[in-house]
Structures are given as structure tokens and as C-alpha cells.
Amino acid sequence: MAARESYGRLLAYLVARTGDVDAAEDALAEAFLRALESWPRTGVPDRPEAWLLTAARRRHIDEYRQGRTAARLVDTLIADAERESFGPGKELSLETQFPDERLKLLFLCTHPAIDAAVRTPLMLQTVLGIDAATIANAFLTSPSTMGQRLSRAKTKIRATAIRLEAPAEAELSPRIDSVLDAIYAAYGLGWDRAVVDGADPRWRGLSDEAIWLGRLTISLLPDEPEAKGLLALMLYCEARTNVRRGVDGEYVPLSEQDASRWSRSMIEEAEALLSTAARARRIGRYQLEAAIQSAHSRRAYGEEVDWMAVAGLYAGLVIVDPTIGARVGQAAAVAEAMSATEGLRLLDAVDEATVSAYQPYWALRAHLLSEVARSDEARLAYQRAIGLSEDPAVQSFLQSKNDHHRR
Amino acid sequence: MKYAILIYRDEAKFAALTPAEVQEMRGAYVSYVQALREVGAYLGGEPLEATSTGATVQVRDGRRTVQDGPYAELKEQLAGFILIDVADFDQALEWTARCPGAAFGTLEVRPVMPMDH
Chain A
1 MAARESYGRL LAYLVARTGD VDAAEDALAE AFLRALESWP RTGVPDRPEA
51 WLLTAARRRH IDEYRQGRTA ARLVDTLIAD AERESFGPGK ELSLETQFPD
101 ERLKLLFLCT HPAIDAAVRT PLMLQTVLGI DAATIANAFL TSPSTMGQRL
151 SRAKTKIRAT AIRLEAPAEA ELSPRIDSVL DAIYAAYGLG WDRAVVDGAD
201 PRWRGLSDEA IWLGRLTISL LPDEPEAKGL LALMLYCEAR TNVRRGVDGE
251 YVPLSEQDAS RWSRSMIEEA EALLSTAARA RRIGRYQLEA AIQSAHSRRA
301 YGEEVDWMAV AGLYAGLVIV DPTIGARVGQ AAAVAEAMSA TEGLRLLDAV
351 DEATVSAYQP YWALRAHLLS EVARSDEARL AYQRAIGLSE DPAVQSFLQS
401 KNDHHRR
Chain B
1001 MKYAILIYRD EAKFAALTPA EVQEMRGAYV SYVQALREVG AYLGGEPLEA
1051 TSTGATVQVR DGRRTVQDGP YAELKEQLAG FILIDVADFD QALEWTARCP
1101 GAAFGTLEVR PVMPMDH
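These protein sequence lines map, in sequence, to chains A and B.
So for the first sequence, the working numbering puts the first residue at 1; every next one is plus one.
So for the second sequence, the working numbering puts the first residue at 1001; every next one is plus one.
Same shape as in the complex, but just chain A (with noise of 0.2 Å):
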């Protein structure tokens, strides 16, 4: 078993048993340090999640008995430890040893009393067990200050004693929404960075795991269409990592990619998602982002992409989800679709007070606005996209175009 696989298992059999996330995640650490020390000398336990556990178990227990732990946690896991014993010999099933929790450890990452901000970090870092530097690296946050509000989070889950449960039933539905927006969080960190930082081995960006969080996501939760949509619109994303960037690290924007080149096993695997997603009958955010990718991957099929039916689908996903990104979108389909002047106009009626520094408004505004012969306005706008722009490669670009409309 992988050790993702591993870990967010074994973190969550144990926040649910002590509530202390905190104390769990040391824990966890220590049984990782000690298998490091004995593994290579005694070769791998034949179930190491057991053996893993058992460690982090014993620790727990030390620390209460140097008085470090509250001591009605550690009764628990004292009473589980004598119940279970998770010898090596122990020829059980994973699945009986200890079931996986990690649906609710989804939904106790993104509890309505954690602050949004943190939701997306506290999910990668407990079910991921990816440390606090480099989450800070990934949401451009000094490494102690995401160390502090990863600790407040905690705090708060222990200190309001908000417990590793499955939502009710009535607040099902809002629930998952959080959980699935927390990994296109980090889904979108991923796909900022994934061109920039590709030159580091150790951090390819978040895109990966947060591929992994929606299918994991998919089989805790089989009957959400919503979860299917989210992985979909990923792996339709994700089909076009490796040419987004020309020879020369140039940025390639979706209209010029090379569509021959997307992955097309993603492509198929999105397209099975989002139509078996579509049985379900309920239509949300995911599925109508997904539906709009699944339109631009037909020019991978040689196909024209049909403007009219994706300015259709940023219709509807504006009113599921008015976010600026979404109207955005839509002032780009309809331009494409019928004109400029009325993709400027579904721009002009976006409040700018919410776009001031919103770097894609600006880069299609300026679009738009040389296609008209606005060539001042067009200048401008293109002078607030690059300043907005934190990749040279797209700096670059805007600054091309911006000499090329004034020509």
C-alpha cells in the first residue's frame, strides 16, 4: 500500500478514537520514525499498517503516562490496544483490522467552524501528511504562518470538540460541496504552479494529489454525481499539462494549443465520469465545468468546439455559482460565440471593485477591447493584466500581444 494510501488511513483511525489531531499526526510521526529505524534491520512487517499503528499507539500511551496527554483519550486507546492486538502475525483483513475513517476526516477538514482558508491545508496535511513548509510554499504563505492557523484549526476541533462524524443527512449535501471545493482549492494551486515549479522534482505542484483526493473522494462517496464532475473537470485539465508550454517555456494558451498532443486516455476517462455522473439527474457546479471542458477537448477529436453550447453552460453555471471566475468565462464564450462587443459588455456589468486585482478579467478585457480598435483602453488593460501576472512566461505573452494590437 502506498504510503498516502497509508497515512491518511491510519491518521484518521486515530483522530477518530482521540479527537486530538495534533496528538495523532506525532504520534503517527514517531511510528514512522521508528519504522525507519527498524525496518531495515528486521525487513517489513507483513501488515505495516498494523505495526504502524500499534507504534503510534504505544506513544500515545507513553505520553499519557508522562502526564502529556488528556488521559480520557488515551483510556480509549488503551482499552482498543488490549481488544485488538495488531500483531504482524495477525493474518486480518485491513478492512476488519480498523475501518477507514477518511470519508469523515474529509468532512471534519471542511466543518463549517474551520475557516474556509484553512480547509484545502488541513486536508493535505492530514490526510495527505504533507508537511506545513511546503503547503505554505503551495498557497504562497510564510511557512509560520501556515504552521499557525494549521494549530489554531486543530485547536479548535479539539477545544470545541467538534467529532469525526458523517454529517446528518439534512446537512449532507452542503457538506459535500466543501469537501469537493477544498480539492479544486488545491487542484487550482496545482495547475498555477505546476508549469513554474516543474523544474523541482520533490514539488510537482498539487495537481497530482488532488487527482488522488477525487477519486478517493469517488469511491468514500459512489452515488455523488458532483464528486464525479469534480475528478472529470480535473483529468480534463490535467489532459493538457504537457502543452501548455512551448519548446522555449512559452506560454501557450488553450485556443493555440496543439489539441492533437492532449492526453486522450484522461479525455475518455473524463467522459465516462461526467455521462455516468449525468445519470444521476442532478446538475451542479462540477458537472457544468466539466461539461464546459468536455466541449474544448472535442478539438482533440479534430472537431470545432461549439461556442454557442459552452456560452449554454457558463449561463447555467453562473447562476449554480456566480463566482467572478465563472462570469469571466462566460464574457469569453459569448464573445466567441456572437461578438466582442458582447463579450465586453457582459464585462462591463461585472462590479470593478471585485476584479481590481483579478489578472484574467483584465488579460480577456484587453482581448476583447483590440478586437474592437479600443487600442488605448486595450493598451491599458494589457499594462494591468501583465502587472497582475506573476508567471514571466504569461508576463511575456500579454507584453507580444500588447505590442503586436498596437501596431
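Please note that a few of the clues may not be correct.
If the Cβ cut is set under 10 Å, some of the chain A residues that face chain B in the computed set are [claimed, not checked]:
no. : residue
1   : L140
2   : W362
3   : Q399
Pairwise CB distance ranges (calculated) [what the hints assert, rightly or not]:
no. : chain 1 : residue 1 : chain 2 : residue 2 : range
4   : A       : A315      : B       : P1111     : 52 to 62 Å
5   : B       : E1076     : A       : A315      : 47 to 57 Å
6   : B       : R1037     : A       : A161      : 46 to 56 Å
7   : B       : D1061     : A       : R152      : 22 to 32 Å
8   : A       : E250      : B       : E1046     : 27 to 37 Å
9   : A       : S142      : B       : Q1034     : 48 to 58 Å
10  : B       : R1037     : A       : E250      : 26 to 36 Å
11  : B       : T1106     : A       : V372      : 52 to 62 Å
I should point out that these hints are in silico values taken from the structure, not numbers from a laboratory.
Every residue, glycine too, gets a C-beta built ideally from N, C-alpha and C.
Mind docking chain B on chain A? Use the hints.
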């Protein structure tokens, strides 16, 4: 909240840029400062001449010491600064990452100490 973005870069690496590359970087800075102005976050900033053109000064027990060049020999040298006014440190980090100098050298972002006047 006010923050200072301190821009460090390797002067030798900068000196080796072609005129076209320098021009491109200037253009990126112009766009960056314009975007900061548009959101009302720009307070000021200046680029600095190379460290070889400056001097360090100390006064100890009334004795003045003046030396050519920078205070300390580092891989990267202070090349300029930008003063911004944004809501919090997260936003300051976001604007720091957008600064064209971030891709070329190393930026340090520091909160400005509030002073009662």
C-alpha cells in the same frame, strides 16, 4: 498595513542582460507599478544604482569610517524597494510574488513599523 518590498538581485547577472532583456524587465516593472496604482496600493519606490557606486558609513566614538561599496558581500545585492499599502500580509505576499524581481532575484517583504508622529 504598509509593507516594504526589498528587491535583491545578482548585479553581475543583471549587468549581463541584453538591452532588449533590460527593456522587457523595465516594461514589466511599469505594468506592475501601474497595477499597484490602480488598486490604490502603491506608496512609492525607487530602483538603486549598483553597490559599487555607493559607500558605507559608520560613526563609532565620534570616529567616522567610510568605505567603498556595499555593507556586506552577498550573492545578491539590494537593487531597489517598493512601498505598498494593502490589507494584510497575505496580500503583501501576493503582490511580492507578482513583482518582476521575484523571478529574477530574491525579494524580502517586511511590515513597516507604525510610528506616532
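message: Tell me the numbers of any earlier hints that the structure contravenes, in ascending order.
response: 4, 7, 9, 11
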